[in-house]
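Chemist: Sequence:
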Amino acid sequence: MALEHAILVSLSEQSGSGYELARRFDKSIGFFWSATHQQIYRVLKRMDDAGWVTGESIAQDGRPDKKVYRVSSSGRAELARWIDEPTEPGHLRNELAVKIRGASYGDMASLLAEVRRHRDEHAARLDLYRRIAQNDFPESRRRTGRVLHQYLVLRGGIRVEQGFTDWCNEVLDALTDDASPETS
1 MALEHAILVS LSEQSGSGYE LARRFDKSIG FFWSATHQQI YRVLKRMDDA
51 GWVTGESIAQ DGRPDKKVYR VSSSGRAELA RWIDEPTEPG HLRNELAVKI
101 RGASYGDMAS LLAEVRRHRD EHAARLDLYR RIAQNDFPES RRRTGRVLHQ
151 YLVLRGGIRV EQGFTDWCNE VLDALTDDAS PETS
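According to this note's numbering, the sequence shown holds residues 1 to 184 in order.
Some hints could be false.
To be verified - Here are the computed distance ranges between Cβ atoms for each label pair:
hint	residue 1	residue 2	range
1	Gln162	Ala103	35 to 41 Å
2	Gly145	Thr36	29 to 35 Å
3	Glu139	Arg70	48 to 54 Å
4	Arg63	Leu112	36 to 42 Å
5	Ala174	Leu152	18 to 24 Å
6	Arg141	Ser12	33 to 39 Å
7	Arg63	Asp26	30 to 36 Å
8	Glu95	Ser73	41 to 47 Å
Unchecked claim - Cross-link-like lysine-lysine pairs, in silico, DSSO-like; alpha carbons within 30 Å at most:
hint	residue 1	residue 2
9	Lys45	Lys27
10	Lys45	Lys67
11	Lys66	Lys45
12	Lys67	Lys99
13	Lys99	Lys45
Hints in this document: simulated from the structure, not taken from any laboratory.
From a predicted model like this one, the values you see are computed outputs, not experimental measurements.
From the three backbone atoms N, C-alpha and C, an ideal C-beta is built for every residue, glycine too.
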């Protein structure tokens, strides 16, 4: 996926300036597709040049004008084309997994500390996702359309973070209990 498509999704949900878009990435889409603020501004310029978005300058009191972007008809067509395009299933590519695989060649205490750090980061993200689900998607509300789509992605994030946290706990339990590691 190109950053352009993540931006098209976000701007389809709500138009906004580059700054507003970057903040949205920090709070939502960025959990699943990250980008720096500089990347977002650079790609917005490219998308504007390609005709996928249109920008309107809005005057602000005491501040420079801001440019608010909207998805153009050509951008909507590109987004629809991309959504229809098949994607390859992802592969687990995780540096921590390779370190665990090579555990017998390094310092076990250091590796355990690293696994704990990863577990704690994923547990914190899991807590954040659960708070977002509780605040933004109450059980009493029926979910359809865009709200349902956002919720399903959030549920995927919750499941991934829960699984990674559980796996880290399993690794910690197994490596802590492993008094005599195999050498073969």
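Chemist: Does each hint fit the structure? Answer for all of them.
Modeler: Structure-based check of all given hints:
One distance hint, 35 to 41 Å for the beta-carbon pair Gln162 and Ala103, is violated here, with the actual separation near 24 Å. Evaluation of the 29 to 35 Å hint for Gly145 and Thr36 yields a pass: the beta carbon distance comes to about 31 Å. Separated by about 33 Å at the C-beta atoms, Glu139 and Arg70 break the suggested range of 48 to 54 Å. In this structure the supplied range 36 to 42 Å is violated for Arg63 paired with Leu112, their Cβ-Cβ distance being about 50 Å.
Between Ala174 and Leu152 the beta carbon distance is about 33 Å. The supplied range of 18 to 24 Å is therefore violated. Roughly 22 Å separates the CB atoms of Arg141 and Ser12, a value that falls outside the hinted 33 to 39 Å. For Arg63 and Asp26, the Cβ-Cβ distance of about 21 Å falls outside the hinted range of 30 to 36 Å, so the restraint is violated. Between Glu95 and Ser73, the C-beta spacing of about 42 Å keeps the proposed range 41 to 47 Å intact.
Restraint check for Lys45 and Lys27: satisfied, since their Cα atoms lie roughly 22 Å apart, inside the 30 Å limit. As the CA atoms of Lys45 and Lys67 are separated by approximately 11 Å, the hinted pair is consistent with the 30 Å bound. Annotation: proposed proximity of Lys66 to Lys45 holds, straight-line Cα distance about 14 Å (limit 30 Å). Our distance criterion of 30 Å between C-alpha atoms is broken by Lys67 and Lys99, whose separation comes to about 46 Å.
The straight-line distance between the Cα atoms of Lys99 and Lys45 is roughly 40 Å, outside the 30 Å bound, and the hint therefore fails.
The structure is inconsistent with the numbered hints 1, 3, 4, 5, 6, 7, 12 and 13, although it conforms to all the rest.
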